[in-house]
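Start counting the sequence shown at -1; every next residue gets the next number (my numbering).
Everything labelled a hint here was simulated from the structure, so no lab data went into it.
A virtual CB, placed ideally from N, CA and C, is assigned to each residue, including glycine.
Just so you know, not all the hints are guaranteed correct.
What follows is a set of in silico ranges between Cβ atoms, one per label pair, in the way DEER data are often shown [unchecked claim]:
#1 238 / 265: 42 to 48 angstroms
#2 298 / 209: 22 to 28 angstroms
#3 229 / 107: 24 to 30 angstroms
#4 49 / 232: 23 to 29 angstroms
#5 159 / 7: 20 to 26 angstroms
EDC-like, lysine to aspartate or glutamate: derived pairs with alpha carbons at most 16 angstroms apart [unchecked claim]:
#6 113 / 213
#7 259 / 181
#8 175 / 263
#9 223 / 258
#10 266 / 247
#11 292 / 214
#12 292 / 28
#13 259 / 214
#14 259 / 213
#15 78 / 107
#16 56 / 28
#17 49 / 28
#18 289 / 214
#19 289 / 213
#20 229 / 247
#21 175 / 107
#22 259 / 281
#23 259 / 180
#24 26 / 107
#25 229 / 171
#26 289 / 263
#27 292 / 180
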Amino acid sequence: MRHYFIINPAAGRQSSEKTIIELLNTHKIDASVYLTKNPGDATKYIKSVCKKEPDTLKRFWACGGDGTLNEVVNGIMGFKNTELACYPCGSGNDYVKYFGDIDSFFDMEKQLNGKPMLVDVLEVGGRYAINEINFGFDSVAAYVMQKIKRKPFIGGKNAYMTGVMYALINAMDNPCKVFSGDELLNPTGRILLCTAMCGQYIGGGFRCAPNSSLDDGLIDVTIIKPLLRRKLLSLMKKYKDGSYLKAPELQKYIIYRQLDKIRFEAHKGFSITMDGENVQMPEGEIRLIHKAVKFIVPNGQEEV
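Taking the hints into account, I'd like the entire structure generated from these sequences.
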């Protein structure tokens, strides 16, 4: 097997390049190390490697946050003999939170002895997401998060909450229709937000899809209808710990389904977020690809 460490030097508060290279030397891992240069660079590099070495088993390590993980996934999709590992040194790392305590993902010995788990992937417009696709309030919050994540005080672990505060002013009522087949799920054609999840977490630790599984062949879809700011603020804690789906006072605002695809129609300039990365897309069909990627689960790590 050949190992490829894809390091995003812009992920997190500081580059993890030195730490990772020290780990490779300590564990005597024969690996290629690639530092990404700009958005989309990792995907292009991985595709070129897969085309040159189609018959070699390759494990690509996403060393960064969810955005880096997204780029690696988009690079390996469609290629055989590939595995995906994650060294979660970004600011969010939402995907691996599915497994509870993520310390084992920093343990190189456990990672090297880990086993592949076939996990689901989302697709829309020819692009892929392994954790989530969302739009509306969360997408606006994620856009701001990306802009300020490396700034002191408001960035880092506080970046998503900074984005949330911005969205509270600018994204409380968003025109967008969401369909399941011919059924319009939100008859008013307006949303506060919509999340389509394979994982469970979003925004650095908000457990918006507590019923979701990485390999069940279903998208956990939640639509929250527009509501008053004071109502949203009072229920933010329940959104963070995942209990909002069962909160009696919120049920009239929630539409929740488990589906294999949904379709959305919005307007020119509308953006969606794929694993924390914003993409302009006024309409599209989000579909699930069942057990599409071999994701390495560290030895001894169990699902929550």
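So, going through the hints one by one against the coordinates:
For residue 238 and residue 265, the Cβ-Cβ distance of about 30 angstroms falls outside the hinted range of 42 to 48 angstroms, so the restraint is violated. Look at residue 298 against residue 209: about 25 angstroms separates their beta carbons, and that is inside 22 to 28 angstroms. The hinted range of 24 to 30 angstroms is not satisfied by residue 229 and residue 107, whose Cβ atoms lie roughly 48 angstroms apart. Hint check: residue 49 to residue 232, Cβ distance near 52 angstroms, so the stated range 23 to 29 angstroms is violated.
Roughly 25 angstroms separates the CB atoms of residue 159 and residue 7, a value that falls within the hinted 20 to 26 angstroms. Straight-line distance between C-alpha atoms of residue 113 and residue 213 comes to about 15 angstroms, which keeps the hinted pair within the 16 angstroms bound. Between residue 259 and residue 181 the CA atoms are separated by roughly 12 angstroms; this keeps the pair inside 16 angstroms, and the hint holds. Note on residue 175 and residue 263: the hinted pairing holds, with a Cα-Cα distance of about 5 angstroms set against a maximum of 16 angstroms.
The suggested pairing of residue 223 with residue 258 is violated, with an alpha-carbon distance near 22 angstroms, which exceeds 16 angstroms. Of the pairs offered as hints, the one joining residue 266 and residue 247 is violated, with about 34 angstroms between alpha carbons and a cut-off of 16 angstroms exceeded. At most 16 angstroms may separate the alpha-carbon atoms for a hinted pair to count; residue 292 and residue 214 meet this at roughly 14 angstroms. Annotation: proposed proximity of residue 292 to residue 28 is violated, straight-line Cα distance about 21 angstroms (limit 16 angstroms).
Note on residue 259 and residue 214: the hinted pairing holds, with a Cα-Cα distance of about 13 angstroms set against a maximum of 16 angstroms. With a CA separation close to 15 angstroms, the supplied pair residue 259 and residue 213 stays within the 16 angstroms bound. A distance of roughly 25 angstroms separates the Cα atoms of residue 78 and residue 107; the hinted pair therefore is violated under the 16 angstroms criterion. Only pairs whose Cα atoms come within 16 angstroms are accepted, and residue 56 paired with residue 28 is accepted, the gap being roughly 12 angstroms.
For the hint linking residue 49 to residue 28, the alpha-carbon distance of about 20 angstroms lies beyond 16 angstroms, and the restraint is violated. As the CA atoms of residue 289 and residue 214 are separated by approximately 8 angstroms, the hinted pair is consistent with the 16 angstroms bound. Among the hinted pairs, residue 289 with residue 213 is consistent with the structure: their alpha-carbon atoms are about 6 angstroms apart, no more than 16 angstroms. Restraint check for residue 229 and residue 247: the C-alpha separation of about 10 angstroms stays at or below 16 angstroms, so the hint holds.
A threshold of 16 angstroms between alpha carbons decides the hint, and for residue 175 with residue 107 the separation of about 47 angstroms lies outside it, so the pair is violated. About 14 angstroms separates the Cα atoms of residue 259 and residue 281, which keeps this hinted pair within 16 angstroms; it holds. Pair hint residue 259 plus residue 180 holds up; C-alpha atoms about 12 angstroms apart against a cutoff of 16 angstroms. A C-alpha spacing of about 11 angstroms is found between residue 26 and residue 107, which places the hinted pair at or below 16 angstroms, so the restraint holds.
Under the criterion of a C-alpha separation no larger than 16 angstroms, the hint pairing residue 229 with residue 171 is consistent with the structure, at around 14 angstroms. Between the alpha carbons of residue 289 and residue 263 the distance comes to roughly 27 angstroms, so the proposed pair goes past 16 angstroms and is violated. Of the pairs offered as hints, the one joining residue 292 and residue 180 is violated, with about 33 angstroms between alpha carbons and a cut-off of 16 angstroms exceeded.
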